[in-house]
Amino acid sequence: MNRPVYIKAASSISPQHSYEAGMLLQPVVSSDNGRLYVVEQDYRKYISPVAIRRMSRLLKMSITAGMQCLSDAGVSPDAIITGTGRGSVSDMEHFLRDMIAMKEEALNPTYFIQSTYNSVNGWLALQTKCTCYNQTFVHRSLSFELALLDAQLTLGEGEDMQNVLVGGFDEMTDYYHLVKDKIGYWKKEALNSLDLLKHNDSGGTIGGEGASFFVLSNDSRDATSILLALEILHKPTVTQLQNAIAKLLESNGLEPCDIDLLLSGINGDVALQDSFDAASNMFDSSTAIAAFKHLCGDYDTASAFGLWLANYILSNQSIPEITLLKQGAGRPVKKLLMVNHTISGDASLMLLGNC
Amino acid sequence: MEDFKVTLKQQIIDSLNLQGMRPEEIDDNAPLFGEGLGLDSIDSLELMVLLERNYGIKIEDAREGRKVLQSVQSMADYIEQNRKL
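So the protein lines, in turn, are chains A and B.
Under the working numbering, think of the first position of the first sequence as 768, with each following residue one higher.
Under the working numbering, think of the first position of the second sequence as 696, with each following residue one higher.
Just chain B, same shape as in the assembly (with noise of 0.2 Å):
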C-alpha cells in the first residue's frame, strides 16, 4: 500500500503538472482541495480523468467524487477496493 501511495502521488503530480514537487512532499491524509495542495475545480475533473484511465474507475456520482477526492490516502482505499486495470 505505501508503495502504492507513492506512485499515486507521481500519478497526481504528473496529471496536475505539480512543478517542483516531489511524492513525499504529499501528506497521505492531507486535503487535496482548499488548503493542502490548494487544488481547484479543474483540476477535480483531471483526477477523474486519471482514475478511468489508469484504473478503470469511473465515477458517475459528484458526492462519491467528493468523498474519494478528498485526499491521497482516500483516493487509495477507493482506487484498491475498485480498480478494474
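Chain A with its partners taken away, still in its complex shape (with noise of 0.2 Å):
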C-alpha cells in the first residue's frame, strides 16, 4: 500500500543495545546456543512497583519500549496498533502447567489474565490513558506487517488521527524453544549467531525476541524517516516477489538503482536462499546489501526490529558494519528496501526514505 506516513520515534528493546542511547548495536552481542535473549532494561522507569511484579518479560520490555517511543516523539497517541506472533508465552506455559498440576482446580487469575495476546495494548493504554482504537494483530510471521498496514490506514482516516503508536513484540521461552526445534525450526550444527547468514547451505535458524515500537505521523516535523509504501506476500514464488519488488519500485517512481541499500530479512535457513538471492540480483552493485537476523534472532516479528534498524540508519545515515553483506557505492542512504523473508514462506516489502 503506497500511503506515505512519518515515523517521528523508534524505540527497541531487542537482543542487540539498540535500547540504549550510543553508538549503535555497540557492543555487539553473539550466543552460540542457538537463540538471542534481550538485553534487559531497567524497566521501573515506566511501570509501577505494584504493576511490575505480575509482569513477564515480553509485557516489560513491550511496555518500556512503547512508553519511551512515546516518551520520544512527546506525543500522545490517537490510536495503539500492535502485532504478536505468540503473545505473552511464558505466562501461558504457566497456567497451562498449572492446568494440569492442580487438575484445572485452584488457578492463579494473573497468569491466565496477562497471557491474552492484547494485554500489552491494555497496559498501554492504561499508562497513556488512551481511549481510542486499540488493535492487536496475531497472525504469525506477518502479525508486525499487518499492524503497519492497519496503522497506515488509520492515519489516513481524517484530521482526528495523527499520531499512532505501533509495535512488535515476541518472546522466547525454552519451552517455545524445544518445540520449534522438534518442528526444524532451528539449526542443528552449532555455530556463533553472528555466523549465521554463512550457515545458508543447511535447513533452519535461530530464535531471538524482542519488542520494537515507532510512532507514526502525518505529520513531518521532526521525523526522522518516512515509510513510503508496505506490501504483503502470501508464500510468493522467486518470480511472485520480484515482479512485487519491480512493481512497488515502478509505483513509488523509482528504478532499482535508485535504492541505496537493501536491507534483508534472510535468516540463514537455505530454503529462503532463493528468495534472497532473486531479491538481491534485481539490484546492481551501487546497492549496499545488509541484514538483520543474525542479530536479532528470527522470531515471528523480527521486522519489527529490521524497521527499527532501517530508521536507525536512515535517520543516522550510517550502516552498522556488522550488518553489511555487500558495501554498495557508498552513498547517502536516501532510499531503503526491506525485502523480509519468513520461515512461513510469506514475505514483506518495505520502502522507506530519509526526511
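No lab work stands behind these hints: they were computed from the structure.
Predicted model, so just to flag it, every value in this text is computed and none were measured.
Just so you know, nobody snuck in bad clues.
Rough simulated footprint, nothing fancy, chain A against chain B, three-plus residues with beta-carbon under 8 Å:
1) 712-724
2) 741-747
Using 16 Å as the maximum straight-line C-alpha spacing, the simulated EDC-like pairs for lysine to aspartate or glutamate come out as follows:
3) A/K870 <-> B/E747
4) B/K753 <-> A/E872
5) A/K1101 <-> A/E1022
6) A/K1102 <-> A/D1025
7) B/K700 <-> B/E720
8) B/K753 <-> A/E871
9) B/K700 <-> B/D722
10) A/K965 <-> A/D1041
11) A/K955 <-> A/D968
Here a beta-carbon is modelled for each residue, glycine too, at the ideal position from N, C-alpha and C.
From these two lone chains plus the hints, build me the complex, please.
Written out as C-alpha cells, the structure is:
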C-alpha cells in the first residue's frame, strides 16, 4: 500500500544494545546456543512497582519500549496498534502447567489474564489513558506488517488521527524453543549467531525475541524517516517476489538503481536462499545490502526490529558494519528497501526514505 | 501462632511476588487492601487461590472473603479454624 507516513520516533528492546542511546549496536551481542535474548533494561522507569511484580518479561519490555517511544516523540497516541505472533508465551506456559498440576482447580488468575495477546495494548492504554482505537494483530510472521498496514489506514482516516503507536513484540522461552526444535525450526549445527548468514547451506535458523515500537504520524515535523510503501506477500514464488519488488518501485517512481540499501530479513535457512538471491540480484553493484536476523534472531515479529534498524540507518546515515553483506557505492542512504523473508514462506516489502 | 504468621506472610510475598519485601515488614493487623500493603482485586483472587492450594480452604461467599482477607491476623485466625490440609 502506497500511503506515506512519517516515523517520528522508534524504540527497540532487542538482543542488541538498541534501547540505550549511544553508539549503534555497540558492543555487538552474540550467542553460541542457538537463541538470542533481549538485553534487559530497568523497567521501573515506566511501570509502577505494584504493576511490575505481575508482569512477564514480554509485558515489561513491550510496555517500556512503547512508553519510551511515545516519550521520544513527545505525543499522545490517537491509536495503539500492535502485532505479535505468540503473545506472552511464558504466562501461557505457566497457567497451562498449573492446569495440569492442579487438575484444573485453584488456578492463579494473573498468568491467565496476562497471557492474552492484547494485554500489552491494554497496559499501554492504561498508562497513556488512551481510550481510542486499540488493536492487536496475531497473524504469525505477518503480525507486525498487518499492524503497520492498519496504522497506515488509520492515519488516512482524517484529522482526528495524527499519531499512532505501532509495535511488534514476541518472546523466547525454553519450552517454545524445544517445541520449535522438534519441527526443525533451528539449526542443528553449533554456530555463533554472528556467523548465521554464512551457514546458508543448511536448514533452520536461530531463535530470537524483542519489542520494537514506532510513532507513525501524518506530520512530517521532526520525523526521522518516512515509510513510503508496504507490501505483504502470501507465500510468493521467486518470480512473484521479483514482480512485487518491481511493481512497488515503479509505483513509487523508482528504478532499482535508486535504492541505496537493500535490508534483508534473510535468516540463514537454505530454504529462503533462492528468495534472497532473487531479490538481491535485481539490484546492481551500487546498492548496498545489509541483513539483521543474525543480530536479533528469527521470530514472528523480527521485521519490527528490521524497521527499527532501517529507521536508525536513515536518520543517522550510518550503516553498522556488522549488518553489511555488500558495501555498495557508499552513497548516502536516501531510499531503503526492506525485504523480509519468513520461515512460513510469507514475505513483506517496506520502502522507506530519509527526511 | 507467631511462627505460623511468619510462614503465611512469606507465602503471601511469594504468591503476590512482592519483590524486595520481607515478612517482618508486614504488620499483622495492617489492612491488606487500600492503605497497608496496597493490594488490589487481582491480588484478592491470588490470595483465595493461596488459601485453597495450601490449606484446602474454599471461600464461596464474597462477604466472608472480604472479612478473611482484611489482614494477616484475620487470615491466620480463619486458617487455624478452617484448614483442611
